[in-house]
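Could you slot chain V onto chain Y? The hints should help.
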Amino acid sequence: DSGVTQTPKHLITATGQRVTLRCSPRSGDLSVYWYQQSLDQGLQFLIQYYNGEERAKGNILERFSAQQFPDLHSELNLSSLELGDSALYFCASSVSGVAGNTIYFGEGSWLTVV
Amino acid sequence: AQSVTQLGSHVSVSEGALVLLRCNYSSSVPPYLFWYVQYPNQGLQLLLKYTSAATLVKGINGFEAEFKKSETSFHLTKPSAHMSDAAEYFCAVMGRSQGNLIFGKGTKLSVKP
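Chains as they are written, first to last, in the working numbering: chain Y, 34 to 147; chain V, -19 to 93.
In isolation and in its complexed conformation, chain Y is listed as follows (with noise of 0.2 Å):
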């Protein structure tokens, strides 16, 4: 156990739906991730914050918005849902979001679009 905990395990939608995926990082860290996991595209990283601040982004969708609370924990919004956005998102988090530091992995959310 991580303890980077995700919401919901599991989750079935239709086209051009819009669903929110929630993170809670390990007690401690400042600085959450989300990730993509698919076949065709593999691990692909999408946004980083650090206690509440955008701090990195990567290939992330325009449809896609993310945020991070004050109390740290994170949300993950996903909108106009094609099926190609059907995949595992991860949540991730570290201490201080600098290089260097591990970053451990929750369980993901299984996103399936219909």
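These are calculated hints, taken from the structure and not from any lab test. Take these hints with a grain of salt, some might be off.
Said to hold, decoys possible - Just so you have them, the derived chain Y footprint on chain V, three or more residues with Cβ under 8 Å:
(1) 37 to 45
(2) 75 to 84
Unchecked claim - Below 35 Å or equal to it, Euclidean Cα-Cα: the simulated DSBU-like pairs (lysine-lysine) are:
(3) V:Lys49 to Y:Lys42
(4) V:Lys29 to Y:Lys90
(5) Y:Lys90 to V:Lys48
(6) Y:Lys42 to V:Lys48
(7) V:Lys38 to Y:Lys42
(8) Y:Lys42 to V:Lys92
(9) Y:Lys90 to V:Lys92
(10) V:Lys38 to V:Lys92
(11) V:Lys88 to Y:Lys90
(12) Y:Lys90 to V:Lys38
Said to hold, decoys possible - Quick list of simulated restraints, FRET-style, between CB atoms:
(13) V:Lys49 to Y:Gly91: 45 to 51 Å
(14) V:Ile40 to Y:Leu63: 24 to 30 Å
(15) V:Glu51 to Y:Gly117: 20 to 26 Å
(16) Y:Glu95 to V:Ser(-6): 44 to 50 Å
(17) Y:Gly117 to V:Ala34: 39 to 45 Å
(18) V:Ala(-3) to Y:Ile93: 38 to 44 Å
(19) V:Ala34 to Y:Ser71: 32 to 38 Å
(20) V:Leu(-13) to Y:Gln100: 22 to 28 Å
(21) V:Ser64 to Y:Arg96: 38 to 44 Å
(22) Y:Ser129 to V:Asn41: 35 to 41 Å
(23) V:Lys92 to Y:Ile93: 38 to 44 Å
(24) Y:Ala89 to V:Pro93: 41 to 47 Å
A virtual CB, placed ideally from N, CA and C, is assigned to each residue, including glycine.
Below, chain V alone, put in the same frame as chain Y:
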């Protein structure tokens, strides 16, 4: 920009045989390097991490990796495979000025009895 290449999307070994999973990185400055393992229907678990303190890094479950700057490699090895090692293994790079990981495509390890 940093990147990693994992040679072989699928490796199969016999139980008790040597495990060798290959990873080459691309970076102008030696980066931080990581190996993660993903068991079926589970998240990513850190196996080991290179931070430049030592070129031979020992990790969990008997795995180790050696950083070779001249070859820009960070191959993962285990002397004797166990059935429980069957999983997907990911090599990842983190630049010296960034805090996020860039992953390779992964290598699925199968262990035959």
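Task: Consistency of beta-carbon spacing, Asn41 of chain V to Ser129 of chain Y, with hint 35 to 41 Å - done: The hint (35 to 41 Å, Cβ to Cβ) is violated, given that Ser129 of chain Y and Asn41 of chain V are roughly 27 Å apart.
Task: Range hint compliance [Cβ, Gly117 of chain Y to Ala34 of chain V, 39 to 45 Å] - done: Given range 39 to 45 Å: holds, Cβ gap about 42 Å.
TODO: Please test the hint of 24 to 30 Å on the beta carbon pair from Ile40 of chain V and Leu63 of chain Y.
DONE: holds (25 Å)
- [ ] Verify the proposed pairing of Lys88 of chain V with Lys90 of chain Y, using a straight-line Cα cut of 35 Å.
- [x] Holds, at about 28 Å.
Open item on the list: Need the status of pair Lys90 of chain Y, Lys48 of chain V: alpha-carbon distance at most 35 Å?
Closed with: Answer holds: Lys90 of chain Y to Lys48 of chain V is near 30 Å, not above 35 Å.
Open item on the list: For the segment 75 to 84 of chain V, count the residues whose Cβ lies under 8 Å from any Cβ of chain Y; is that count three or more?
Closed with: holds (count 10)
Open item on the list: Hint check: Lys49 of chain V vs Lys42 of chain Y, CA-CA at most 35 Å. Holds or violated?
Closed with: violated (40 Å)
Task: Satisfaction of the hinted span 41 to 47 Å by the C-beta atoms belonging to Ala89 of chain Y and Pro93 of chain V - done: holds (44 Å)
Task: Given pair status - Lys92 of chain V, Lys42 of chain Y, alpha carbons within 35 Å - done: Distance ~31 Å between Lys42 of chain Y and Lys92 of chain V Cα, so the pair holds.
Task: Verdict on chain Y covering the segment 37 to 45 of chain V, where coverage means 3 or more residues with a C-beta closer than 8 Å - done: Violated, because only 0 residues of the segment 37 to 45 of chain V bring their Cβ atoms closer than 8 Å to Cβ atoms of chain Y.
TODO: Hint says 44 to 50 Å; check whether the CB-CB distance for Glu95 of chain Y and Ser(-6) of chain V agrees.
DONE: holds (49 Å)
- [ ] Starting from the range 45 to 51 Å, see whether the pair Lys49 of chain V and Gly91 of chain Y falls in it by beta-carbon distance.
- [x] violated (27 Å)
Of the numbered hints given earlier, the model fails hints 1, 3, 6, 9, 13, 15, 20 and 22; all others are met.
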